[in-house]
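Engineer: Top to bottom, those sequences are chains A and B.
Per this note's numbering: the first sequence = residues 39 to 331.
Per this note's numbering: the second sequence = residues 39 to 331.
Among these hints, one or two may not hold up.
Note that the list lumps identical chains together, so a pair holds whenever it fits in one copy or between two copies.
Said to hold, decoys possible - Computed list of lysine-lysine pairs in DSBU-like fashion (alpha-carbon distance at most 35 Å, straight line):
{"no.": "1", "residue 1": "LYS68", "residue 2": "LYS145"}
{"no.": "2", "residue 1": "LYS234", "residue 2": "LYS127"}
{"no.": "3", "residue 1": "LYS285", "residue 2": "LYS218"}
{"no.": "4", "residue 1": "LYS234", "residue 2": "LYS46"}
{"no.": "5", "residue 1": "LYS252", "residue 2": "LYS45"}
No lab work stands behind these hints, which were simulated from the structure alone.
There are 2 protein chains.
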Amino acid sequence: MEPIDGKKLSSTIKEEIAREVEEIKQAGGKVPHLVAVLVGHDPASETYVNNKEKACNKVGIESEVIRLEESISQEELLNKVDELNNDPKVDGFIVQLPLPDHIDEQKVIEAVDPKKDVDGFHPVNMGRMVLGLPAYLPATPAGILEMLKRYNIETEGKDCVVLGRSNIVGKPVANLMLQKTTPGNCTVTVCHSRTKNLEQVLAKADILIVAMGKMEFVTADMVKEGAVVIDVGIHRIRSDKTKSGWKLKGDVKFDEVKGKASYITPVPGGVGPMTIVSLLKNTIAASQGRIYG
Amino acid sequence: MEPIDGKKLSSTIKEEIAREVEEIKQAGGKVPHLVAVLVGHDPASETYVNNKEKACNKVGIESEVIRLEESISQEELLNKVDELNNDPKVDGFIVQLPLPDHIDEQKVIEAVDPKKDVDGFHPVNMGRMVLGLPAYLPATPAGILEMLKRYNIETEGKDCVVLGRSNIVGKPVANLMLQKTTPGNCTVTVCHSRTKNLEQVLAKADILIVAMGKMEFVTADMVKEGAVVIDVGIHRIRSDKTKSGWKLKGDVKFDEVKGKASYITPVPGGVGPMTIVSLLKNTIAASQGRIYG
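The task is simple: from the sequences and hints, build the whole structure.
Structural biologist: The structure is reproduced here in structure tokens:
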């Protein structure tokens, strides 16, 4: 078994991105500029946005956080989105989710100019991705494909099983693994809460991508010998063995499954660190007009 | 085995649509108006467009065919698209594919206002469909789901195998069968040219949707007893037994497979007639603002 070290890989890629940004600067190009819009004070969102800002600083991408009060009206937020859409300084921006209940999240997502939608959440980018056209890919699916690529994991003709059908992970990653690309070209099966014969389906999986949100659901007996196991789950449980008093777990029972898998991502330190790399890459692509010209 | 009679079903649905259009007229509403743009003189395209026009006439939808010379420039065609986008009389329009080689098809597809894209080919509609948002669905996938619904075929938790990953059938129908809807909620597997163990995958299929473009590829030994078999293929071969001198065949060896299937669509008279129904439904939805308000 080889663990997939997402933390190390993301560091390597960040160094590559930093060199790329430096080259852009040297050539007199525009420094990529990312804006994060944070509404309210959700602690998890604060952490995510801070991490994104740190990562930008590290690679030389200009970043900016726009903090808005939880009480902001939908109209005011949409005006802010419109302003960012029209600000030539801003190459890409994200509106950190979730948004307060009084705001229609989907409306905000669709208000973002697809050309600046570096989260890849706009239906245009989702549609283009499914159709095999250039698109900003959502962070987690793109991070998973990058891991497979960097670890030279063969995907063509393999049975890829995706557990979960969320809009931000399951559906897009299934559609990506299906494309005529490398990584890709898999026979893809998507399982979910209504799947009746889960054990049978999982037993055939050469590549198993688990994004269902159930802690340690996937056990060793469910996994084929030699499978590649990608764990997207993240759950926080109390622990008296860590300094913080918390411990993170995935959707996969790592200690058990690692003995059967050929490759496996740990939690933490697997898929998580790769998501931010996708965002940085999308931001550079935006500043260079690589997707929409 | 019950054959799925797409021809009869489409007639029934056209009668329903005709009643609906009549009610809209009675209530003083706008008569739905569909435009088909036909570039050049491809005989198959001529036939499709004529059939669409006939179907519109039959149900009371206003229809119009704009014929453009094969020599039209891309810019002129895009101007025409723009004109239709801005014509309040036109609820929806389609640009019949394929287009001449000197025209970038994708560019034309993306120039159509998604609100008038009753073919469901624009990335916005594809993305919205995948995300489970209201969208114009592409004709063939929507027709397949309508057949499953009208024949009360249970789909929830079933293994649905899609053979083929085209942008107009395989990918969208796979994404639809996956949604939390009825029909839908299937465990969906997509197979294609790179799939290695096709026989094994097909052997598990409760619902088999074949859209690969290989004549009579699927034989009885490949199909599970009691499966629902949907054949999207259409191939024209010479025949001395028909008046026209031609005979149509599907991707499924019908005479063989019908003995094993619980439901099966014939070719012709299966999926084909249903596609035009989808277009009519999208046109009414467009005129009533049901998708985009």
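Engineer: Next, verify each hint and record whether it holds.
Structural biologist: Here is how each hint holds up against the structure:
Both within a single protomer and between protomers do LYS68 and LYS145 lie at most 35 Å apart by alpha-carbon distance, with minima of 30 Å and 28 Å respectively. Taking the closest pair of Cα atoms, LYS234 and LYS127 never come within 35 Å of each other, the shortest separation being 51 Å inside a single copy and 49 Å across copies. Taking identical chains as interchangeable, the C-alpha atoms of LYS285 and LYS218 lie at most 35 Å apart only when they sit on different chains, with a minimum of 33 Å there against 39 Å within one chain. Only between protomers do LYS234 and LYS46 lie at most 35 Å apart by alpha-carbon distance; the minimum there is 34 Å, versus 38 Å within a single protomer.
Only within a single protomer do LYS252 and LYS45 lie at most 35 Å apart by alpha-carbon distance; the minimum there is 23 Å, versus 46 Å between protomers.
The earlier numbered hint that this structure contradicts is number 2, and it is the only one.
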